[in-house]
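A.B. asks: Read off the chains here:
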Amino acid sequence: MHLRTPLALALALALGPISAFAADDLQQLHQEIEALRQSYESRLSDLEARLKQAEARTEAAQNAVAQQAATPPAAEAPVADGPAAAANAFNPAISLVLSGLYANLSHDPADYRISGFIPGGEIGPGQRGFSLAESELGVYANVDPWFYGGLNFAIHPDDTASAEEAFLQTTALPDGVRIKFGRFFSGIGYLNEQHAHTWDFVDAPLAYQAFLGGQMGDDGVQVKWLLPTDQFLELGAEAGRGRNFPGSDRDQNGLGSATLFAHTGGDIGDSHSWSAGLSWLSTSPRDRQYDDTDLFATPVTNSFDGRSRLWLADFVWKWAPHGNGERVNFKLQGEYFHRNESGDLTYDVNSDSTGSHTDRYRSAQSGGYLQGIYQFMPAWRVGLRYDRLDIGSVNLASNAGNLANSDYKPSKYSLMVDWTPSEFSRVRLQFAQDKSQQGITDNQMFLQYQMSLGAHGAHIF
Amino acid sequence: MKTPMNKTLLALLALATLGLSQASHASIKIVACEPEWGALAQELAGDKARVYNATSALQDPHHIQARPSLIAAVRDANLTVCTGSELEVGWLPILLRQSGNPAIQPGKPGSFEAASYVHKLEVPTRLDRADGDVHPGGNPHIQTDPRNIGLVADALAQRLAEIDPANAGYYQARHKDFAARWQSAIQRWDKLAAPLRGEAIVVQHKAFPYLENWLGLTEVATLEPKPGVEPTSTHLSEVEALLKQHPARMIVRAAYNDDRASAWLSQRTGIPAVELPFTVGGSDKARDLFGLFDDTIERLLKVTR
Numbered sequence: 001m002h003l004r005t006p007l008a009l010a011l012a013l014a015l016g017p018i019s020a021f022a023a024d025d026l027q028q029l030h031q032e033i034e035a036l037r038q039s040y041e042s043r044l045s046d047l048e049a050r051l052k053q054a055e056a057r058t059e060a061a062q063n064a065v066a067q068q069a070a071t072p073p074a075a076e077a078p079v080a081d082g083p084a085a086a087a088n089a090f091n092p093a094i095s096l097v098l099s100g101l102y103a104n105l106s107h108d109p110a111d112y113r114i115s116g117f118i119p120g121g122e123i124g125p126g127q128r129g130f131s132l133a134e135s136e137l138g139v140y141a142n143v144d145p146w147f148y149g150g151l152n153f154a155i156h157p158d159d160t161a162s163a164e165e166a167f168l169q170t171t172a173l174p175d176g177v178r179i180k181f182g183r184f185f186s187g188i189g190y191l192n193e194q195h196a197h198t199w200d201f202v203d204a205p206l207a208y209q210a211f212l213g214g215q216m217g218d219d220g221v222q223v224k225w226l227l228p229t230d231q232f233l234e235l236g237a238e239a240g241r242g243r244n245f246p247g248s249d250r251d252q253n254g255l256g257s258a259t260l261f262a263h264t265g266g267d268i269g270d271s272h273s274w275s276a277g278l279s280w281l282s283t284s285p286r287d288r289q290y291d292d293t294d295l296f297a298t299p300v301t302n303s304f305d306g307r308s309r310l311w312l313a314d315f316v317w318k319w320a321p322h323g324n325g326e327r328v329n330f331k332l333q334g335e336y337f338h339r340n341e342s343g344d345l346t347y348d349v350n351s352d353s354t355g356s357h358t359d360r361y362r363s364a365q366s367g368g369y370l371q372g373i374y375q376f377m378p379a380w381r382v383g384l385r386y387d388r389l390d391i392g393s394v395n396l397a398s399n400a401g402n403l404a405n406s407d408y409k410p411s412k413y414s415l416m417v418d419w420t421p422s423e424f425s426r427v428r429l430q431f432a433q434d435k436s437q438q439g440i441t442d443n444q445m446f447l448q449y450q451m452s453l454g455a456h457g458a459h460i461f
Numbered sequence: 001m002k003t004p005m006n007k008t009l010l011a012l013l014a015l016a017t018l019g020l021s022q023a024s025h026a027s028i029k030i031v032a033c034e035p036e037w038g039a040l041a042q043e044l045a046g047d048k049a050r051v052y053n054a055t056s057a058l059q060d061p062h063h064i065q066a067r068p069s070l071i072a073a074v075r076d077a078n079l080t081v082c083t084g085s086e087l088e089v090g091w092l093p094i095l096l097r098q099s100g101n102p103a104i105q106p107g108k109p110g111s112f113e114a115a116s117y118v119h120k121l122e123v124p125t126r127l128d129r130a131d132g133d134v135h136p137g138g139n140p141h142i143q144t145d146p147r148n149i150g151l152v153a154d155a156l157a158q159r160l161a162e163i164d165p166a167n168a169g170y171y172q173a174r175h176k177d178f179a180a181r182w183q184s185a186i187q188r189w190d191k192l193a194a195p196l197r198g199e200a201i202v203v204q205h206k207a208f209p210y211l212e213n214w215l216g217l218t219e220v221a222t223l224e225p226k227p228g229v230e231p232t233s234t235h236l237s238e239v240e241a242l243l244k245q246h247p248a249r250m251i252v253r254a255a256y257n258d259d260r261a262s263a264w265l266s267q268r269t270g271i272p273a274v275e276l277p278f279t280v281g282g283s284d285k286a287r288d289l290f291g292l293f294d295d296t297i298e299r300l301l302k303v304t305r
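Top line first, the protein sequences correspond to chains A and E. Take the first sequence: its letter number 395 is residue 395 in my numbering, and every next letter is one higher. Take the second sequence: its letter number 79 is residue 79 in my numbering, and every next letter is one higher.
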């Protein structure tokens with residue numbers, strides 16, 4: 001109905017310049033337009049009258065509330081009127097996550113290595129004894145009607161701090177499109193986008209450590225599009241600096257990393273829900289250095305230049321009777337990684353051993369994990385995770401004379417039990433048997449706390 | 001030239017009329033956070049709306065997973081009808097952010113919060129998580145008082161007219177009809193429930209202050225030591241001791257609550273435990289809003305007889 005005036009206007013405009021139009025036709029059209037206008041005006045005044053009635057009714061309703069309640073009615077007004085006038089009323093939501101750890105490791109974490117995998121990022125079980133685990137300060141709010149933004153500041157055990165996330169995201173784009181920019185965790189995989197305090201185990205799965213250096217965060221732009229289908233289907237793409245493993249920081253224009261990902265999911269009955277995804281990550285590391293020990297048992301530093309391409313498949317299935325997980329619930333989650341790297345490997349860049357040597361390098365490696373978490377009574381959960389990596393094929397070309405190559409398959413079992421007295425606190429005990437390194441079994445025990453203060457953080461699926 | 005021009009215009013007009021007539025029959029999509037608001041939206045919007053209930057009566061609306069199915073539903077919604085007062089704070093913000101739907105963001109006409117239109121009880125005077133799951137805006141379980149449903153209906157009918165002005169008259173007519181039926185139902189329930197006035201009750205969660213306020217019930221204890229904290233054996237023993245001094249007529253829980261705590265206390269004290277539907281779909285008889293209160297009162301009266 002509200003389209004009619006513009007339509008009449010458009011018609012009038014379109015008709016204006018047409019001089020060849022017959023006079024009687026014009027006359028007829030004028031009459032039609034006039035009729036349209038009159039009908040529109042009468043409907044408009046009708047609507048106005050109805051609006052007045054409705055307003056009167058609201059007033060009556062509000063008065064009714066006022067009478068019903070001894071105290072003033074809260075209708076249409078925010079409840080806390082005290083701080084609204086203060087200058088800090090627009091302060092963002094602040095949340096603080098405090099996390100700490102006691103670790104008992106049978107093997108020295110300083111020697112930690114995943115056999116056959118070029119290391120990068122944050123890998124390994126951390127420090128022995130008591131330590132601060134990742135504690136985070138998050139500050140988030142709407143910027144204006146068009147943007148939402150926030151900062152997540154992580155305090156690391158060694159007293160350093162880093163901006164894990166510092167991003168802005170559009171809130172007003174139509175049709176399910178969102179653009180995020182700044183620094184953020186990539187949308188690839190299932191676990192990657194989640195902050196450490198929402199993980200079900202103390203540490204990231206072995207595959208995340210081997211293929212993404214723990215977690216893939218980057219500086220760049222992300223576009224996500226949620227398709228207008230009844231079934232959840234989301235497509236995403238990112239372009240970034242590629243500063244972190246498996247990329248490397250480089251002094252170059254253009255893109256250091258690119259990702260594509262798709263996620264879907266849904267419900268089966270009222271007790272089951274699932275999500276699955278497929279992701280692709282491409283990075284172009286330049287002089288990505290790492291420490292290694294060569295065939296002559298000398299510690300050396302090597303460097304990789306080339307392309308790294310990772311495929312990632314993820315799924316999660318959750319069960320809760322009638323969708324009510326208060327008493328019992330179960331979650332099964334798994335991800336599979338496959339990475340191809342090709343380029344040049346420079347052995348011993350600092351000539352610590354037999355001298356620097358560069359040759360072709362090509363690898364195709366895979367790995368993954370499967371984990372199940374069962375809440376068997378309110379507040380108590382147990383979980384089991386199995387990690388396995390496959391060195392796959394590694395072609396070192398002539399560097400095979402300097403560096404070791406093997407067909408070892410790193411693996412790890414982790415068992416955890418945690419207690420969650422409220423949604424803001426959790427204490428976890430975890431045992432792990434880590435066989436990441438050929439010939440070494442590292443028995444690990446962790447006791448961890450995770451507490452969150454401040455704004456109530458909502459968690460993604 | 002004359003004839004093709006006229007034909008084009010006619011075709012355009014025909015297309016426009018077709019579009020308009022379709023628009024007036026097109027349904028709006030409503031996502032209701034809780035079943036009571038889904039039922040109310042359906043009462044008011046009739047066949048002009050497609051209503052999707054994000055939760056069921058067997059789920060705790062405080063704790064819902066931000067599932068892919070919910071995100072997909074919110075993406076196309078013209079209107080979300082939720083309780084507000086931070087009841088959905090653990091999941092709704094994620095749905096809104098991940099949906100990429102600007103129409104239903106907070107503050108927009110497409111975002112409707114029922115609790116804004118009623119007078120709220122138990123507004124905390126201090127905000128401290130040491131007090132458990134506290135709602136700064138007051139207790140959010142407003143739907144247990146039918147008078148609140150009536151107030152929300154008034155506001156929701158207006159909102160529907162604002163979202164979908166083409167059908168404003170339809171919504172107002174349906175609202176008028178609903179309001180009349182609702183008023184007479186409240187009068188009937190008031191009469192039926194008169195014998196309950198002054199009765200002492202124990203509740204599992206602080207989910208019933210509006211029901212108590214309406215029917216004149218007195219709450220003497222809660223099974224949860226703090227709001228949102230699972231009942232502990234220590235606390236239940238304390239409640240048991242307290243009930244010796246301050247006897248209660250019944251132990252009330254919502255359909256989604258675990259029944260073990262109330263069953264244990266009922267067995268120890270001989271006080272009957274009552275499961276209330278709490279929202280539409282919470283029992284076989286609570287098929288719509290009228291059934292919800294018919295069944296609620298019937299269940300309360302049954303144990304006092």
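Treat the hints loosely; a few may be bogus.
In silico DSSO-like pairs for lysine-lysine, Cα to Cα no more than 30 angstroms straight-line [claimed, not checked]:
1) 108(E) with 29(E)
2) 176(E) with 226(E)
3) 331(A) with 224(A)
4) 409(A) with 331(A)
5) 206(E) with 48(E)
6) 331(A) with 226(E)
7) 224(A) with 206(E)
8) 29(E) with 176(E)
9) 180(A) with 224(A)
10) 435(A) with 409(A)
11) 180(A) with 176(E)
12) 244(E) with 302(E)
13) 224(A) with 29(E)
14) 226(E) with 244(E)
15) 180(A) with 244(E)
I should point out that these hints are in silico values taken from the structure, not numbers from a laboratory.
A.B. asks: So, for every hint listed, does it hold in this structure?
C.D. replies: For each hint, the structure was consulted:
1. For the hint pairing residue 108(E) with residue 29(E), the CA-to-CA distance comes to about 15 angstroms; that is within 30 angstroms, so the pair holds.
2. A hinted pair counts as satisfied when its Cα atoms are at most 30 angstroms apart, and residue 176(E) with residue 226(E) does not qualify at roughly 41 angstroms.
3. Restraint check for residue 331(A) and residue 224(A): the C-alpha separation of about 26 angstroms stays at or below 30 angstroms, so the hint holds.
4. Distance restraint check for residue 409(A) and residue 331(A): the Cα-Cα separation of roughly 26 angstroms lies within the 30 angstroms cut-off, and the hinted pair is therefore satisfied.
5. Between residue 206(E) and residue 48(E) the alpha-carbon distance is near 36 angstroms, which puts this suggested pair outside the 30 angstroms criterion.
6. Only pairs whose Cα atoms come within 30 angstroms are accepted, and residue 331(A) paired with residue 226(E) is accepted, the gap being roughly 28 angstroms.
7. At most 30 angstroms may separate the alpha-carbon atoms for a hinted pair to count; residue 224(A) and residue 206(E) exceed this at roughly 40 angstroms.
8. A distance of roughly 22 angstroms separates the Cα atoms of residue 29(E) and residue 176(E); the hinted pair therefore holds under the 30 angstroms criterion.
9. With a CA separation close to 8 angstroms, the supplied pair residue 180(A) and residue 224(A) stays within the 30 angstroms bound.
10. Of the supplied pair hints, the one linking residue 435(A) and residue 409(A) holds, its CA atoms being roughly 9 angstroms apart against a limit of 30 angstroms.
11. For the proposed pair residue 180(A) and residue 176(E), the alpha carbon gap of about 46 angstroms is over 30 angstroms, so the pair is violated.
12. Restraint check: the Cα-Cα separation between residue 244(E) and residue 302(E) comes to about 23 angstroms, which is no more than 30 angstroms; the hinted pair holds.
13. Restraint check for residue 224(A) and residue 29(E): satisfied, since their Cα atoms lie roughly 23 angstroms apart, inside the 30 angstroms limit.
14. Pair hint residue 226(E) plus residue 244(E) holds up; C-alpha atoms about 21 angstroms apart against a cutoff of 30 angstroms.
15. Pair hint residue 180(A) plus residue 244(E) does not hold up; C-alpha atoms about 60 angstroms apart against a cutoff of 30 angstroms.
This entry does not satisfy hints 2, 5, 7, 11 and 15, going by the numbered hints stated previously.
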